[in-house]
Amino acid sequence: MAVVMHGVLLAATAAATATGHASLVDWGTFVVAAAIVLSGAIGVVVARNPVHSALMLVMTLFGIAVLFVLQRDDFLAAVQVIVYAGAIVVLFLFVIMFLGVDREENIAAEPLRGQRPLAVALVALGVTGLLLLGEVSKWTTGALSVAGSTDSSTSNVAQLGTSVYTTYLFPFEVTSALLVIAVVGAVALARRPPAVVTAPDLDLDDGLVDESAPATDDAHQEVTP
Amino acid sequence: MTGATSALNGNISGEWYLALAAVLFAIGAFGLLIRRNVLVMFMCVELMLNAANLTFVTFANMLHDIGGQVLVFFVLVVAAAEVVVGLGIVVAIFRRRANATADDFHLMKG
Amino acid sequence: MLHLTYLIILLPLVGIAVQVLFGRRLGDPAAGAVATVFVGASFIVSVGVFFNLLTVHGAVRSFTQNLWTWIPVGGMQIHAGLYVDPLSMTMVLFVTGISALIHLYSIGYMKGDRDYPKFFLYLNLFVASMLILVLGNNLLVTYVGWEGVGTCSYLLVAFWFTRETAAAAGKKAFIYNRIGDAGFIAAAFLTFDKVGSLDYSVIFANVGKIGTANITAICLLLMVGVAAKSAQIPLFPWLADAMEGPTPVSALIHAATMVTAGVYLLCRVNPLLHASPDAAWIVALIGAATAFVAATIACAQNDIKKVLAYSTVSQLGYMVLAIGAGAYEAAIFLMVAHAFFKGLLFLGSGSVIHGLHDEQDLKRMGNLRVYMPITFVTFGIGWLAIAGVPPLSGFWAKGDVLDNAWAAHPALWVVGIFTALLTAYYMSRLSGLAFFGQDRWKNKVAIDADADMPDAHHADGPIPEPHESKWVMTLPLIVLAVLAAAGGVMAFATPHLSLARWVDPVFSGSLYNDHETTSTIWKLSTLDAVVAVIGVFIGLRLWITRADRPKLEWAFLRHSWYFNEIFDAIIGRPGARLAEFSSTVIEDKVIDGAVDGTGALVRRTGMALRRVQTGYVRNYALWIVVGIVALFGFMLTRTWWA
Numbered sequence: 001m002a003v004v005m006h007g008v009l010l011a012a013t014a015a016a017t018a019t020g021h022a023s024l025v026d027w028g029t030f031v032v033a034a035a036i037v038l039s040g041a042i043g044v045v046v047a048r049n050p051v052h053s054a055l056m057l058v059m060t061l062f063g064i065a066v067l068f069v070l071q072r073d074d075f076l077a078a079v080q081v082i083v084y085a086g087a088i089v090v091l092f093l094f095v096i097m098f099l100g101v102d103r104e105e106n107i108a109a110e111p112l113r114g115q116r117p118l119a120v121a122l123v124a125l126g127v128t129g130l131l132l133l134g135e136v137s138k139w140t141t142g143a144l145s146v147a148g149s150t151d152s153s154t155s156n157v158a159q160l161g162t163s164v165y166t167t168y169l170f171p172f173e174v175t176s177a178l179l180v181i182a183v184v185g186a187v188a189l190a191r192r193p194p195a196v197v198t199a200p201d202l203d204l205d206d207g208l209v210d211e212s213a214p215a216t217d218d219a220h221q222e223v224t225p
Numbered sequence: 001m002t003g004a005t006s007a008l009n010g011n012i013s014g015e016w017y018l019a020l021a022a023v024l025f026a027i028g029a030f031g032l033l034i035r036r037n038v039l040v041m042f043m044c045v046e047l048m049l050n051a052a053n054l055t056f057v058t059f060a061n062m063l064h065d066i067g068g069q070v071l072v073f074f075v076l077v078v079a080a081a082e083v084v085v086g087l088g089i090v091v092a093i094f095r096r097r098a099n100a101t102a103d104d105f106h107l108m109k110g
Numbered sequence: 001m002l003h004l005t006y007l008i009i010l011l012p013l014v015g016i017a018v019q020v021l022f023g024r025r026l027g028d029p030a031a032g033a034v035a036t037v038f039v040g041a042s043f044i045v046s047v048g049v050f051f052n053l054l055t056v057h058g059a060v061r062s063f064t065q066n067l068w069t070w071i072p073v074g075g076m077q078i079h080a081g082l083y084v085d086p087l088s089m090t091m092v093l094f095v096t097g098i099s100a101l102i103h104l105y106s107i108g109y110m111k112g113d114r115d116y117p118k119f120f121l122y123l124n125l126f127v128a129s130m131l132i133l134v135l136g137n138n139l140l141v142t143y144v145g146w147e148g149v150g151t152c153s154y155l156l157v158a159f160w161f162t163r164e165t166a167a168a169a170g171k172k173a174f175i176y177n178r179i180g181d182a183g184f185i186a187a188a189f190l191t192f193d194k195v196g197s198l199d200y201s202v203i204f205a206n207v208g209k210i211g212t213a214n215i216t217a218i219c220l221l222l223m224v225g226v227a228a229k230s231a232q233i234p235l236f237p238w239l240a241d242a243m244e245g246p247t248p249v250s251a252l253i254h255a256a257t258m259v260t261a262g263v264y265l266l267c268r269v270n271p272l273l274h275a276s277p278d279a280a281w282i283v284a285l286i287g288a289a290t291a292f293v294a295a296t297i298a299c300a301q302n303d304i305k306k307v308l309a310y311s312t313v314s315q316l317g318y319m320v321l322a323i324g325a326g327a328y329e330a331a332i333f334l335m336v337a338h339a340f341f342k343g344l345l346f347l348g349s350g351s352v353i354h355g356l357h358d359e360q361d362l363k364r365m366g367n368l369r370v371y372m373p374i375t376f377v378t379f380g381i382g383w384l385a386i387a388g389v390p391p392l393s394g395f396w397a398k399g400d401v402l403d404n405a406w407a408a409h410p411a412l413w414v415v416g417i418f419t420a421l422l423t424a425y426y427m428s429r430l431s432g433l434a435f436f437g438q439d440r441w442k443n444k445v446a447i448d449a450d451a452d453m454p455d456a457h458h459a460d461g462p463i464p465e466p467h468e469s470k471w472v473m474t475l476p477l478i479v480l481a482v483l484a485a486a487g488g489v490m491a492f493a494t495p496h497l498s499l500a501r502w503v504d505p506v507f508s509g510s511l512y513n514d515h516e517t518t519s520t521i522w523k524l525s526t527l528d529a530v531v532a533v534i535g536v537f538i539g540l541r542l543w544i545t546r547a548d549r550p551k552l553e554w555a556f557l558r559h560s561w562y563f564n565e566i567f568d569a570i571i572g573r574p575g576a577r578l579a580e581f582s583s584t585v586i587e588d589k590v591i592d593g594a595v596d597g598t599g600a601l602v603r604r605t606g607m608a609l610r611r612v613q614t615g616y617v618r619n620y621a622l623w624i625v626v627g628i629v630a631l632f633g634f635m636l637t638r639t640w641w642a
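Protein chains in written order, with the numbering used here: chain A, 1 to 225; chain B, 1 to 110; chain C, 1 to 642.
Among the hints, a few may not be true.
Here are some, though not all, of the chain B residues that point toward chain A, as calculated from beta-carbon distances under 8 Å [unchecked claim]:
#1 19
#2 27
#3 78
#4 90
#5 94
#6 104
#7 108
#8 109
#9 110
If you want a taste of the chain C side facing chain A, the calculated C-beta under 8 Å gives, among others [to be verified]:
#10 7
#11 470
#12 617
#13 619
#14 622
#15 625
#16 626
#17 632
#18 633
FYI, nobody ran anything at the bench for these hints, they're computed from the structure. Since the model is a prediction, treat every value here as computed from it, not as a measurement. Beta carbons: idealized from backbone N, C-alpha and C, even for Gly.
Generate coordinates for the entire structure from the input sequences, incorporating the hints supplied.
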């Protein structure tokens with residue numbers, strides 16, 4: 001039964017692509033993925049618990065990955081899932097747990113005056129403007145491909161690889177340097193400041209120091225977080 | 001987008017993807033402006049970045065140019081680096097006060 | 001030798017450099033001797049150039065030397081050029097010659113002064129400036145010299161600047177001269193606009209093309225300059241006050257050279273005056289009026305130098321009158337003769353002042369002919385020369401002027417002859433009070449001392465017996481006396497000695513004696529001589545016997561027709577009020593208000609704008625979104641209305 005369904009769907013898709021019209025499967029996939037993306041995004045914004053927000057974010061990222069696949073960009077979809085959903089969100093969760101900022105936030109209150117209405121108005125305006133612009137102006141110039149056409153029969157990975165390692169080699173190297181810098185920066189930011197070392201740690205036994213006196217608190221001091 | 005002709009985006013014309021990306025971006029921006037929890041604000045930034053990535057890939061297909069996908073590649077890398085450093089800063093600041101929000105830091109008030 | 005003309009100017013400039021570098025070290029009297037040597041050398045070079053010029057043939061003997069191109073700006077090419085012709089050579093000779101004599105005189109006169117080297121520095125600077133003025137071949141070079149002599153006049157009049165009256169007099173001289181400079185430079189602008197060049201040769205070639213109205217305007221503007229520099233009505237009051245300077249300064253600058261710069265300028269631009277009879281008439285009227293007014297004022301002055309100052313103004317009036325009447329040669333003759341005898345008179349007065357330990361009040365002098373014989377004899381020659389007694393130079397020169405005045409218009413002659421009578425009278429009054437009569441210097445206090453001259457120099461305490469001056473001072477007196485006496489030979493029409501013949505080619509179409517018969521000239525000359533003798537006689541008769549005649553010394557005259565008071569009321573006080581207004585209202589409220597207001601505005605704007613910086617990241621994010629939305633709006637408008 002599943003095989004039959006699968007076959008019907010494949011046939012339908014083939015027929016549709018052959019004639020150049022969007023197939024039902026494509027549309028369905030798109031609608032579902034879009035729904036996932038949008039609901040995840042709204043979830044990120046409205047969830048009170050930050051852990052919930054993180055999980056909603058994962059949902060969004062998966063939806064985006066599906067959309068990438070729809071556009072025949074498998075490699076990036078995989079990378080998206082692995083890097084974004086797999087690494088970055090995990091990092092978020094680590095920090096949330098580590099710092100204990102998982103306290104729920106009072107969404108209803110808004111200390112800054114006028115922020116909320118203005119935000120709503122502006123975002124609405126922005127989206128409207130953006131969509132209008134999309135309708136009205138020519139956003140694509142139809143320029144010839146610069147870095148290589150996507151039409152070729154080689155796989156997406158091969159195309160990307162060729163492009164990154166030849167045309168865009170320099171940015172690639174710079175980005176790797178950037179990663180190193182980021183790591184160094186993160187380590188520097190996150191480490192605790194060293195303990196303060198004061199002179200009385202040295203033992204100068206010349207009889208002048210009165211060792212019967214109690215040690216002062218200055219001797220051993222640590223910066224408390 | 002009257003110039004978009006052949007759509008190889010799974011045979012769905014690119015405009016739909018672009019519209020979706022626009023809305024996603026708007027939601028992310030809205031979230032950034034509304035939420036006070038620093039980490040949630042960060043996540044909204046990630047949403048915006050993803051919207052941009054989607055746009056890039058869409059155009060890569062509309063224009064038959066692999067450059068768009070290469071850009072997404074790099075955006076991903078840089079976003080990762082950015083998150084690392086950003087969270088490092090968050091950790092450094094929030095070490096002292098666990099329940100601080102973005103509104104608690106207004107030392108730069110003119 | 002002609003190509004060495006620039007040396008004439010360069011030598012005094014080198015003198016200046018020497019004074020600046022070594023003056024203090026040379027001290028008294030070496031600095032003075034060095035300065036005199038440089039000016040003397042300049043005189044010798046001028047003599048050489050003069051003889052060289054004699055060999056040049058042509059309608060107008062001239063030689064132009066362009067030293068370098070000073071201002072090459074598109075259509076305006078101005079050279080640092082020197083122009084040697086009979087007129088400028090005449091001026092150069094007597095400027096350098098008399099300057100050399102006065103330098104020599106100053107060595108003795110300024111002895112003991114604290115700023116001895118500085119005095120000679122200024123004197124050399126003055127000589128250099130005067131020579132630049134006279135030798136310039138275009139209006140701008142002349143203007144450089146013009147300003148230079150004005151500056152030196154200020155520096156030298158206010159030489160003893162610790163005296164408040166001297167400083168004020170220096171300022172007054174400079175300010176009056178500045179007014180004249182404005183007229184001069186306006187004339188230069190107008191000339192350049194109409195003619196396109198400031199070179200004399202170009203201007204004179206184009207006289208016919210620029211229209212009489214323009215020429216009249218240029219002449220009148222130049223006349224403003226001349227009125228200031230040569231102390232004509234109404235810009236003459238500075239000259240009397242300028243007597244605050246040391247006497248050699250008065251002799252050099254305010255008798256012989258600087259004040260003649262205006263006369264020289266008018267002679268130089270004679271083609272312009274010739275083309276504008278209206279301007280020439282105005283010039284003549286100004287000259288006549290000045291001569292008369294100044295002579296009347298001189299009759300009532302008590303300060304010996306002030307009498308001579310107003311006498312200078314009066315004689316300058318004669319020169320300007322001659323120019324206006326078209327008799328340029330007569331004007332130049334009188335200028336040269338005047339340089340001799342007025343210089344002599346000033347130096348003589350200096351000798352008197354020096355001998356009486358800085359006393360200048362005539363009412364406190366008397367009977368000096370016994371104690372200062374050389375001074376008396378030389379001064380006497382000068383006195384009789386200026387009075388117009390034949391056969392001294394003054395008779396011939398003034399006669400020349402009066403003859404031509406008669407030819408121009410009898411009314412001018414009447415004013416002239418009456419003024420001549422007054423001249424003889426007041427000079428004789430001066431001589432009578434100073435050299436004859438009783439030994440009033442033995443009195444403790446002068447008769448009506450300080451009545452109306454609170455600023456005059458007075459000796460401190462009783463005056464010891466006067467003594468004759470040293471040779472450095474009497475030698476120039478003698479030389480000048482000889483020149484003043486014998487200068488009349490220049491009048492005679494022998495080809496080699498006649499000044500008129502020598503200088504005539506420069507003045508085409510001048511009036512000079514053209515219309516008169518010999519008998520008219522004889523009649524007029526006799527009248528001149530008679531008037532002179534009468535004047536001398538009256539003056540001596542009245543003033544040898546008594547020094548105190550208030551009825552003859554009207555206050556109106558003593559206060560120089562109240563010119564100073566009128567100027568103060570019309571210009572001085574309103575000017576002060578305007579300055580006051582500017583300083584309190586405009587400066588404090590408007591300008592400071594605008595400046596401070598701008599600062600306050602900026603501050604207030606800043607205070608208002610700083611409220612944008614709330615410190616909240618979310619607010620900043622909001623502003624970013626605002627920017628993005630604005631960008632979308634802009635792009636939308638572009639596409640819809642593109």
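Evaluated hints:
1. 19: Given a least distance of 6 Å, the restraint on residue 19 (chain B) holds.
2. 27: It holds, given that the least Cβ distance between residue 27 (chain B) and chain A is near 4 Å, below 8 Å.
3. 78: 7 Å, holds
4. 90: 6 Å, holds
5. 94: 5 Å, holds
6. 104: 10 Å, violated
7. 108: Violated - the Cβ of residue 108 (chain B) stays beyond 8 Å from chain A, reaching only about 15 Å at its closest.
8. 109: 12 Å, violated
9. 110: 15 Å, violated
10. 7: 75 Å, violated
11. 470: 91 Å, violated
12. 617: Violated, about 10 Å.
13. 619: With a closest approach of 6 Å, the residue 619 (chain C) hint holds.
14. 622: 6 Å, holds
15. 625: 5 Å, holds
16. 626: Result: holds, 6 Å to nearest chain A Cβ.
17. 632: Holds - the Cβ of residue 632 (chain C) comes within 8 Å of chain A, reaching about 3 Å at its closest.
18. 633: 6 Å, holds
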